[in-house]
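*Asks:* Those sequence lines, one after another, are chains S and G.
Each residue of the first sequence is one higher than the one before, counting from 1 in the working numbering.
Each residue of the second sequence is one higher than the one before, counting from 1001 in the working numbering.
Hints are supplied without guarantee of correctness; some may be wrong.
What the hints assert, rightly or not - A few chain G residues facing chain S, derived, Cβ under 10 Å:
1) Glu1190
2) Ile1290
3) Gly1321
4) Gln1346
5) Phe1348
6) Leu1353
In case anyone wonders, no lab produced these hints; they're calculated from the structure.
The structure displayed is predicted, hence computed values, not measured ones.
We treat Cβ as the ideally placed atom computed from N, Cα and C, and that holds for glycine.
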Amino acid sequence: MDLMTVLLSTPLGNAGGAVGAGLAAVGAGIGIGQIGKGAVEAIARQPEASNDIRANMILTAALVEGAALFAIIVGFLAMVL
Amino acid sequence: MAAVFSLFFLFIFNTAFSQPEGHHKEEKKGFNAKEIIFGHVLNNHDFHVLDIVKENGEKKPVSLPLPVILYSKQRGLDVFMSSKFHHGEENHLNYMMLTDEKIEALELEPNKYNAQDIVAVNEAGAIDESVRVYDLSLTRNVVQMLLALIFFTWIMLSIAKKYKMGQGVTIAPKGAQGLLEPVIIFVRDEVAKPNLGKRYVKYLPFLLTIFFFILINNLFGLIPGSANVTGNIAFTAVLGVIAFIVIMFSTNGHYWMHIFNPPGVPLGVKFILVPVEFISVFIKPFALIIRLFANMVAGHIIIICLISLIFIFGNMSAAAGWGTAPFSLAFTIFIYFIEVLVAFLQAFIFTMLTAVFIGQAMEGDHDHDHHEHENGLPDVPVMV
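Chain S with its partners taken away, still in its complex shape:
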C-alpha cells in the first residue's frame, strides 16, 4: 500500500494517464480506419449510394470516437486527480 501511494503521488500518474490516452488514440485510429475502408470500398462498388454511405460513415465514426474519448477523459482524470 505504501509503495502504491508513493508511486501514484509521483509523475507516474501523469505517465499512466498519457500512456492511456495514447493507446486510446491508437484504438480510435484503427477503428475509424476500418470504417473508412469499408465506406470507401462500398462507394467503389456502388457510386450512386455514396451520399447514404457517407452519412453512415460519419455517424459510425462519431460513435467510435466517443468510445475513444471516454478513455481520454479517464487518462485526463488520472493526470489531474
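Please arrange chain G on chain S, whose structure you already have, making use of the hints.
*Replies:* Frame of chain S; chain G shown alone:
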C-alpha cells in the same frame, strides 16, 4: 520483446525518481502552461482579456468583471461584482476567491479546492469551514450561454416572422432564411422523419432546439478569448438529462417488456441480458453527455497547447520560439478547421442519437419471430 518492455519501465521509473515534487513547473517562471490551459478551459468569474506585463515583471490582468451571486444559510444572499476581489488579491464581505497561488500558499487540498472557488472566511482571514457557500454567480460560461440564447432566439424569431408574412412560402426565401432553411430541412428529413416515423412533428421543436443550441454554443466557443461552454460537463449533463427525460416520456409498454422480458431469448441468457439492457437505458444518455463534453474540451485543449508550444519554446530561447511559430500556427489553423467540423458534427450526432433513442422507445408492436406458419415456409419471399 522483454528487452523493450524492461527498457520502457526503466524510463518511466527514472522520471518518477528524478522529480520528487512533480506537480509544479517552477522552472518555467515565464510561462505556466497548465495555468493558461486550465484558465481557458474552466469557468471563471470574469472575462479575462489580456495581461499587461510591467517592467518589473509583474502581471496586471485586464478583464471584464461579472456579477458574483453567493448564497449561504448563515449569511444570506450577497451580490457584488467580481472586480471587488481584485483577481483574488483582496477579500470582500468576508468571502475569498481562491487562486492557484493561494491554494499552494495556504496548503489546501488540491482536490477539494480549485482556482476561482469562492470560500467564506472569518474576520481573521482564515477559511470558515462551517459556512457552505452556494455559488450562483453569472460566470463566464453562463453569460456566454445567455448571449448565445439571445442570438439564437432572435435569429429564429426573425425568420419565423418572415415566413408568416409569406417570404419563403409564396416567394423565394431571403437572407437568414436561405442560410437556415436547408439546415432545418436536413434535421427534419434526415434525423426526425427516418427515426420517429409518423410522430416526428411532436418532437421536431425539441430536436431542432437541441441541434441549434449545441451548434451555436460550439461555434461561439471557437472564437478566441471566449468561454468554453459546451466543454463544461455541467452543461452537457443538463442536456443529457433533458434528453433522458424526453426519452422516458416517449416509452411505452413494449419498450419495457423488451427490456425486462426479451422475446426469443433462452432463460439462462436472460439473467445476463436483463441487467445489461436495464443499465443501457441509463448508459445511452450518459454516453451522449461524455461524447459532447470530451470532443469539445479536447479540441480546445489541443488548440491552446499548440499555441502554448510557441511560448514554451520561447522560454528556452527566443530563436526557438520564433522558429516554432510558423509550424505551430499552421497546425493550429488546420486544427481550427477540424474543430469547426467537429462543432457541426457533434451537434448533429447528439440530435441524431437522441432521435434514435426516442424512436427506439416509441417502437410499436412489430412482428416477433415466434409465430408459427402452417406450412413451415419463412416470411420473406424466396425465389424458386
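*Asks:* Close enough to count: is the Cβ of Phe1348(G) nearer than 10 Å to one in chain S?
*Replies:* Check passed: Cβ of Phe1348(G) comes within 8 Å of chain S, closer than 10 Å.
*Asks:* With a cut-off of 10 Å on the beta carbons, see whether Glu1190(G) makes it to chain S.
*Replies:* 7 Å, holds
*Asks:* Going by Cβ atoms only, is Gln1346(G) closer than 10 Å to chain S?
*Replies:* Given a least distance of 7 Å, the restraint on Gln1346(G) holds.
*Asks:* Holds or violated: is there a CB of chain S closer than 10 Å to the CB of Leu1353(G)?
*Replies:* 8 Å, holds
*Asks:* Could you check if Ile1290(G) really has its C-beta closer than 10 Å to a C-beta on chain S?
*Replies:* 6 Å, holds
*Asks:* Please verify that hint: Gly1321(G), Cβ, nearest Cβ of chain S, below 10 Å or not.
*Replies:* 24 Å, violated
Comparing the model with each numbered hint stated earlier shows that hint 3 is the single one that does not hold.
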